[in-house]
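Residue numbers (this note's numbering), protein chains in the order written: chain A, 950 to 1513; chain B, 237 to 565; chain C, -12 to 330; chain D, 26 to 339.
Source of the hints: derived by calculation from the structure; they are not laboratory data.
C-beta: ideal position from N, C-alpha, C; glycine also.
Hints are supplied without guarantee of correctness; some may be wrong.
[To be verified] What follows is a set of in silico ranges between Cβ atoms, one per label pair, in the way DEER data are often shown:
| hint | chain 1 | residue 1 | chain 2 | residue 2 | range |
| --- | --- | --- | --- | --- | --- |
| 1 | C | I327 | D | V254 | 31 to 41 Å |
| 2 | C | I140 | B | S318 | 18 to 28 Å |
| 3 | C | D73 | A | A1217 | 51 to 61 Å |
| 4 | D | L62 | B | E270 | 20 to 30 Å |
| 5 | D | V254 | B | N387 | 45 to 55 Å |
| 6 | C | T9 | A | A1392 | 19 to 29 Å |
| 7 | A | S1282 | D | V254 | 55 to 65 Å |
| 8 | B | A410 | C | S135 | 36 to 46 Å |
| 9 | D | L70 | B | G256 | 28 to 38 Å |
| 10 | C | I327 | D | I157 | 26 to 36 Å |
| 11 | D | P99 | A | E1450 | 27 to 37 Å |
| 12 | A | P1309 | C | Y175 | 26 to 36 Å |
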Amino acid sequence: MNHMKSVLFLMVVAMLLLSACGGGSAATSVPEQPGDATEVPATDAPASEKKVVTFSWTQEFTSLSPLYSTGWFTAVTQQFWNCWAWNYDENNEPYPYLVTEMPSFENGGISEDGLTITLHLRDDIKWSDNEPITSEDFRFSWAMNIDPKNIVSSTYPEDLVTSIDTPDAQTVVLHFDTPSVAWQSLFTGIVPAHILQPVYDAEGTLDNAEWNNNPSVGCGPYNFAEWESGSYARFVRNDNYFDAPAKIDEIFIRFVPDDTAQTTALVAGDADLGAFIPYSEVPRLKEAGVEIMTQPSGFNEGIFLQVSEDFSHPAMLDVNVRKAVAMSIDFDSFNQDVNLGLVKTPGSFWDALPYYNDPPVEPYPYDPEGAKALLDAAGWVDSNEDGTRDKDGVEFIIQHGATTREVRQELQAVAQQQLADVGIELEILNFDADLFFATYADAGPTYSGELDLQEWSDTPSGFPDPDIYYWLCSEVPSDDNPSGTNSFYICDEELDALIQEQASQLDPAERQETVSKINQIFHDKVYWIGAWQDPDVWAVSSRLTGVKFSGVTPFFNITEWDIK
Amino acid sequence: MTSALLQVTDLQTRFHTPEGIVHAVNGISFHINEGETVAIVGESGCGKSVSMMSLLKLIPTPPGEISSGTAIYRGTDLLQKSEREMEDIRGKDIAMIFQDPMTSLNPVLTLGRQLTESMREHLGFTKEQAEERAVQMLEQVGIPDARRRINEYPHQFSGGMRQRVMIAMALSCAPSLLIADEPTTALDVTIQAQIVELVARIRESLHMAIIWITHDLGVVAGMADRVIVMYAGFIVEEADVNDLYDSPGHPYTLALLAALPRIDRRRDHHLKSIAGSPPNLLVAPHGCPFAPRCEFVIEKCRQENPPLIQIEKNHSSACWVDVKTGAPR
Amino acid sequence: MVRYIVKRLFQGLPLLLVISITLFLLMMNIGDPIATMGGRTITRQSDRERLTRQLGLDKPISVQYLYWLIGNDWTKVDSDGDGIPDNYGTRHGILRGDFGTSLVTRKPVTELIGERIPNTLLLMVASEVVTVFFALLFGIYSALRQYSVMDNIMTALLFIAYSMPIFFVSLMSMYIFAVLFKKWGLPYLPTVGMFDPQVGKTPWQIFIHMILPVFSLSVTYFAAYSRYIRSTMLEVLSQDYVRTARSKGLPRRQVVYIHALKNAALPIVTVIGLDLPFLLGGAVVTERIFAWPGMGRLFLDHVSRSDLPVVMGILMLVATAVVVFQIITDIIYAWLDPRIRFD
Amino acid sequence: MNNQTPTLSELADDLITPPLTLWQLGWLRFRRHKMALFGGVILILLFIFAFGGAFLYTEKYANFNDTSQRLLAPSAEHPFGTDSIGRDILARTIYGGQISLFIGLVSVIIETILGIIIGALAGYYGGVIDAILMRITEAMLNIPTIFLLIVMAKFFGGNVPEIEIAGRVFSGSVIVIIVIIGATSWMYLARIVRAEFLSLKENEFILAARATGTSNSQIIFYHILPNTVAPIIVSSTLSVANAILAEAYISFLGLGVMPPTATWGNMLESSAKYLDSAPWLWFFPGMLILLTVLSINFIGDGMRDALDPRSRTI
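Sequences are here, hints too, so could you generate the full structure?
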């Protein structure tokens, strides 16, 4: 005992070295742990025989299951191993994938009253375990989505479907109470009934299904292989794929937490593909020979104006004043300088949908003198000569709130200075996203009435469908409606009617007319000011060939990609 | 006269502190013969411990500095030796025991370990041999049940016991010189006597020289052959023990003796304390350092520091005044 | 001894309870977890109401805490939104080892944390070892040569290192060892991640990816520890028993490494022992800068989405580790110091 | 530097030093502490930089942006270069420095007040009050500070309007940061104060004061507290450095002071992106933080040696 103790005494240092060995052995044992070391590309047969591409994701996906996934990166990753009923091409046009043709009035897929939609499935489609994909899988996917025992991420638009009939294995009949354009957003990913039905029967929920994070069976060109949280995920070619097999053998996704890391990896050739490239990183990438591809995905960065008798600054109720605000900020120069001329200032919320942005709406030009004139005319003058305009004793001080994203803060600073030049004082505020978008019930900042200008990037909700809903009067939050999303408190009867109308117009031509009217109202009444187009920005290594992107299903032609 | 075991000449030790240079020892010279016991007496801060630690080069340098002097031990100068060579002297030839037995033993090592390590180092003993010897030593210094207690830690012993352990430790390599730095000061009076007696007994059996540092003249009366009195880093008087007690040759010694309770004094005799406080060693000595407190002070004392001169056989004193007559020398 | 440990553990429990209640109250206002669940778009009203109910976020805070603490499998909950409790809950509560399920990833929190702990420990233990090793080296060296030129230079350097914000060290080291070295054509170090996917997760890869984060983490702690060890050693070296050991003619080595270091080890071990549990939490800033997939990054990722179960799980894990390590440190201290006995 | 000069009593036996008050002695010791003096000079220069610089550049200029002048390398016109929207970094470090130093000082005042009150109450009254307060202290110490800071920053981050102080407009997050730094850092000080109170309250002069019926608050504030000033000052000085660092960390993580108010910390926030393309973005604010923390640490160390020689450094 005594001897032992004196040994330990001497080993204060050694003790720590011991723990070092612990650390060291952890390091050496790591490679053996997840999957076999033999699966790691480098230790496998000659790397040249195997085509491996590395994609870098700045955010890790959450769950892989289409039911539980949230966020863009998850949805995008599904393109590798899961499948949608229809895909979208590089023009964001849908084309049939699991179905034989897109349902329409013409081919009878959509009934005259718009309440029944019939999908005809291909008969050669199958899961990666060779089980056929049938109408039952479709029905099961839908049923699981709306099952209250599953805490899925979103039940929209599945909850618009009242029932599904499956007369045979290749026919899926959807029934609606009211015609809805949102049908196009159905079946964005399906789940295998033959795998998950037993799980649901046993557990009463799919929430904890192992398949969610380890989807052993899929239907895409690749199979899920492994996923190590915080580090990487791997997908290998699905040899049972029902379409033409992919040319690249393996997709390695590496999670890098920030843009700098991503750029470094791309420049060094450690990554072949990067998504969500900030414009500030573009010059470095181009310089290194990395190709930058942009693909409209419906998103536009924009300023949402709060127009409410109850909350807004009185000046903002005047449409001419709102016009003046729009004319006071030099978005073009900002996009030229800070966004490096890669994007334009959008005039319309539907900027990425030329079909609906027709006739195209142009943004208000940068015209501080014109803005001053408008403000003067509206009665907002600097009567007390403190540098800020005022009227009836009320100073023209408005608030601009956004999340903490850097480029937004930069625009805020620029806007603050430019608005000051025309005599409007802008207070700028920033919040974390989970605070910024907190609800009326949680007294989120956008609902407090404090923020006259609210800035984020958004898209028509069913892109490439032009549907929108925030501005509906029914979305105006109140104590009775605490989850309403209309943080602008805009209840414009004309607008409300038009938004409701387009939502059930299944005929594209009629729809185009309605949306154009909405588009014009947005512009004329200045409910939304476009800041910059926010397309998907991809960085693609020059060694990749055949690369195309869609703004909806980005990897629609992943099977055609190859390595030089 | 036998040749000196240790001859110290002009030893000077200073400390470089942020406040300035502390002149702790200012050129002292003395000797000690084989088997002789010399007591060094003085108030706290007079430099007696520092001078002894200087001999063994135990002064932390920096800030300490042995600025001059020689210490010839058996023909070689200790002060010229390297640290490595000193390691062979310390504990083996010259051992030391310290004032506070409570803090002088390492609290986290067993007594056995602390007792045996110098024997293993200096005498090349095996662990078993050293332990055997350690038990003997402990028994010799009066620790009962030594074989068991050797595995215990210092905190399991009382102060007196610890000082006995310290003595056993110091004597384990049979040194020819033992420096005892106020070994009894921290102890109870009864224990003090036991320790003094113990050291005296061992001295006989080992034929060992002892330098006994103390601020208490009473303790040394019974055992010292010679007494050296130090003040402010100087030796102010040196004499055989009886000469010193009978006819002190320095006012400081006189004052020290006056502060001592004596059995032959009348009960109502008041003990005298020495007025004033010891000098500030930061100031370079000028004149006699005791002058400000001295009853016999004359003008010369303030001008010039008196050298140590022989006043009788084996009796030297550093004073411009003959304390017996009060007249200048 | 066993009684002492049990007693200390029971003393720790109320403390952890207080911590958990306080943190839970704070959690209620750190943001809306459902706000960001819609991905890039705003969560729909119907989904929000359903999720709030299904995740139990509509319950009063006391009930939410209770469910978190002891689970809800003993009571019926309303899962379909008709206002009538229908099914027994499925949660067991943290007291029974169920940390809950992440609101964001729907994975069990224990799994999420479990995946990250090895990475964090790898990084943190490595830097602790590097730190302590060099701190002992430097601390003892400069204590033995107090006031020497080297000691003064080192003290000044340590002060600078001690004052370095970790992100500054990180950025500087990345700039020098990755950017500039690359520019100069020297072998340069990787800056982010744990390994290069092209090469695979080999020990060598992990090692070279660890260098910069370990360096950045070590600089500050190294300085603090060195200064602590130096002053502890100085204090010990001025003790009487060290003088005794020297007066016995023991070689310097033995005096320093046996007599002095053994005593200095007591406070040093204490400091290290009390610091160890904090390693679990990882280094938030360092892991973020170097993209290290550890607990710190997990915390940041999930706190930014108000993922209460994960955030609470990490915080409670660290708090518990602190309590446990205090006890362990006490026991080791007592074991090392013969003066302390429990009985 | 840690001037571990052995006291004279350790060297020689005892040496009488001329009687000096704690403060005289402290100043003597401090003055000798070369690094502390050096730190003092640097800190004064930093204050001159941050507050004197305001005479060279207006705040409006510090916030003036021109996107066509972005990311310019240091030049005669912009000695520290420009940032991502063309603001002058020198001017921003000046105004950012004011806020950083302000946050450091004010949050330490809060910390000190909290620490003294909690430590004094616990130490003086003992018993249940002590047990409860020390449990809370322990609880706070059980969570790594950076986690506490993040959680509290989010807790208070919900709604922070701009505020106006002395004619200048700040983001309300300045106040939030000050409060949360103060609220997460008082624990060590509370422990120090408690320990001092525990040892002092049994002293004769306190017992005497009690015996003569002096009220508790008087004893606490007039009798005991003045005797604990030295360790409090040392601890608080070092805390300023920690507070400035805390602000930088939390701002670096994007949870700190919000724009348009610049601080050295939030200037660093997104600069990692420009690691190699525009290193001046992170170099200057980073360097200023380092210098400030360094100089305060020097001063704190000097003060510790001067006023509180017993304490051990870490």
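Next item on the list: With 26 to 36 Å as the target window, see if I327/C and I157/D comply at their CB atoms.
Entry: Holds, since I327/C and I157/D (Cβ atoms, about 28 Å apart) stay within the stated range.
Notebook entry, point to check: For the pair I140/C and S318/B, does the Cβ-Cβ distance stay inside 18 to 28 Å?
Noted result: Holds: the Cβ-Cβ distance is about 26 Å, inside 18 to 28 Å.
Notebook entry, point to check: Falls inside 31 to 41 Å, the C-beta gap from I327/C to V254/D?
Noted result: With a Cβ separation near 34 Å, I327/C and V254/D satisfy 31 to 41 Å, so the hint holds.
Check: So does A410/B sit 36 to 46 Å from S135/C, Cβ to Cβ?
Finding: Since the Cβ atoms of A410/B and S135/C sit about 37 Å apart, the hinted range of 36 to 46 Å holds.
Item checked: Distance restraint evaluation - S1282/A, V254/D, Cβ atoms, bounds 55 to 65 Å -> holds (58 Å)
Note to self: Verify the CB-CB distance for P99/D and E1450/A against the hinted window 27 to 37 Å.
What the structure shows: Since the Cβ atoms of P99/D and E1450/A sit about 59 Å apart, the hinted range of 27 to 37 Å is violated.
Checklist line | Cβ distance range 19 to 29 Å for T9/C and A1392/A, holds or violated | finding: holds (22 Å)
Next item on the list: Starting from the range 45 to 55 Å, see whether the pair V254/D and N387/B falls in it by beta-carbon distance.
Entry: Hint holds: Cβ distance 49 Å, inside 45 to 55 Å.
Margin query: Just to be sure I understand the hint, the distance between the Cβ atoms of P1309/A and Y175/C should be within 26 to 36 Å; is that true here?
Written below: violated (49 Å)
Notebook entry, point to check: For the pair D73/C and A1217/A, does the Cβ-Cβ distance stay inside 51 to 61 Å?
Noted result: With Cβ atoms ~55 Å apart, the hint holds.
Notebook entry, point to check: So the hint says 20 to 30 Å: do the beta-carbon atoms of L62/D and E270/B match that?
Noted result: violated (56 Å)
Item checked: Cβ separation of L70/D and G256/B, checked against the hinted range 28 to 38 Å -> With Cβ atoms ~32 Å apart, the hint holds.
This entry does not satisfy hints 4, 11, 12, going by the numbered hints stated previously.
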